[in-house]
Amino acid sequence: MKGQIGSLIYREWCIMKKSFILSGTAVFCIMLMMTLFALSAKYGNLARQIDGGNKELKTLSDMFIFSVTFLIPYCAMAAALDSGMYISDIRAGWTRYSITLPVSTKTKALAHTLFLAIRTGAALVFSVIVVASVNAAMGTAFNFGMLADIGIICILSLLFAVMTEICQSLPKDEILYKKRQNICGMVFIGLGLLLGLYMAKASTKYTEEFAAANGDEPVELIPPELTDKYFAFRNAAAPFILPVIILLIIGIYFIVKKNLDKQKKL
Amino acid sequence: MNDYENAVEIKDVTKKYDGFTLDNISFNVPKGSIMGFIGQNGAGKTTTIHALLNIIPINSGEIRLLGLDHIGDEIEAKQRMGVVFDECPFHDLFTADQLARVFRGLYENWNYETFSQYLDRFQLPRKKKLGKFSKGMKMKLQIACALSHGAELLVMDEATTGLDPVVRSEILDIFLEFLQDEGHSILMSSHITSDLEKIADSVTFIDKGKMLITGYKDDILMNHALMKCPKADYAAIDKNDFVSARLTDFGAEVMVSDRAFAEKKYSGAMFDPTTLEEIMVYYVNRAKKEWS
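Those protein sequence lines, which keep their order, are chains A and B. If you read the first sequence in this note's numbering, its first letter stands for residue 1, the second for the next number, and so on. If you read the second sequence in this note's numbering, its first letter stands for residue 1, the second for the next number, and so on.
This is chain A alone, in the form it adopts within the complex (with noise of 0.2 Å):
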């Protein structure tokens, strides 16, 4: 069993290499931009219109450490999404074959699940390295409350698993079901750009309100109530992020077990 668990994880590998290195690819463009604006925030035309201040130079910091907790773990674990993977192993004839190895449905839910798992864990372990490296390098320790953030992320992300492995089990004729690989890619990217936009947002609402008050106390990129308020929960559901990852995981090996087991009773 651990050999046809260890193939089967292989095979998954194989395919989605390609989604890896893409994610890879975004993770470090993102990196890239983020640098150069946080460079630019310590040097460049940002940081003279500061007016040298520690605290407001502080506070662009602050800026650049909130997107890389928030956004890196976000690319991150779009790599652990396999929306994709279920179409093209139908379409490839996959689904059908399968069925004819020794492999048990049992089986063939565990290492689909635990890749689920290795990738979710990997992302996590990635993300975490990144925001602690970015935070070493800015000057400020890494925190159990990022920590806590990245682990939001991830149960973010294992929703969406959890989503795409429920639209596999709609009936073949829902809409939900044809264009379940569209709907769960379009909401995970769309919600990643409205993150982006949002910071976006909130970066040039800084920069202008900044300049306009001209050194006065710096714009709150978020307001502070709901700062607070987002703080709050964090803290209330942080012990709570631990087994609800765990829970996640184990419900999509039930739920991927069910699929394996339906698509013999069509």
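If you are wondering where the hints come from, they were derived from the structure by calculation, not from laboratory data. A few of these clues could be false.
To be verified - Okay, derived cross-link-like pairs now, DSSO-like style, lysine-lysine, Cα gap no bigger than 30 Å in a straight line:
id : chain 1 : residue 1 : chain 2 : residue 2
1  : B       : Lys-210   : A       : Lys-17
2  : B       : Lys-210   : B       : Lys-11
3  : A       : Lys-2     : B       : Lys-210
Stated by the list, open to error - Going by beta-carbon spacing under 8 Å, a handful of chain A positions derived as facing chain B:
id : residue
4  : Gly-3
5  : Ser-7
6  : Leu-101
7  : Phe-254
Keep in mind that this is a model prediction, so the values were computed, not measured. All C-beta atoms, glycine included, are put in the ideal place defined by N, C-alpha and C.
Chain B: place on chain A using the hints.
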């Protein structure tokens, strides 16, 4: 390893769909033989093969593969079987070497040496992505995968369809080599009856979900004949004595299923040996009885 007489035993298998029923199908593939499973498109060949591979559940009946229950001993039976479909089921992203790595863990008896020999024989590249393979190359690769884990039974669904005659001939040779081992058996569905005529030991013919003929190919070909007669003589033939008749401007070609009986009863007529293809065509038109 269990002992068995028939590599495949299908008994009274029924599968119902809306608008189609696979109705009480029964046949055996004796150990060490190759059975051709013929019928026109939509006759139920793929449904039968899907049923025996447990890709679809059956409504009733019994299926045994290599002497094992096709559901209760599914994993064990599948360890000892190879399956080839009409379309290559592997993603275009894979290379032959990567596939070998996948299969190594899936089959207990996977043998890379054998796989490698097939790759060399078929002149298949190891590092090239399958997306750049031709249909013939993909089919050969699928066959190489099916034959590299010591399979005792090979199940093929339209495996030679869409291939050029040279590739088909090469593949048929491989099947004949596979059958050199007395413990090896093949069930091969196809509507290219000429292939089956070359290599099959026995034949099962189904149409619209119903089984019409099953038995040794030579017996089937020997028992059936095309009786050729002028129109005037045709009118005197009892309709119950033949499968169907093709009427032409010159007379009638009548398919009989009991040649000895027909030769005795209609001694003045001319009887020609027939082919599986002709048998298939005449049986498909059996409801019309007369066609042109």
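Tested hints:
1. Lys-210/B <-> Lys-17/A: Violated: Lys-210/B and Lys-17/A sit about 47 Å apart, past 30 Å.
2. Lys-210/B <-> Lys-11/B: It holds: about 13 Å lies between the C-alpha atoms, which stays within 30 Å.
3. Lys-2/A <-> Lys-210/B: Given that 30 Å is the threshold and the Cα spacing comes to 43 Å, the pair is violated.
4. Gly-3: Gly-3/A check passes; min Cβ-Cβ to chain B is 4 Å, inside 8 Å.
5. Ser-7: This interface hint holds because 3 Å falls under the 8 Å limit.
6. Leu-101: holds, 6 Å
7. Phe-254: violated, 21 Å
Taken one by one, the earlier hints fail for this structure at numbers 1, 3 and 7, listed in ascending order.
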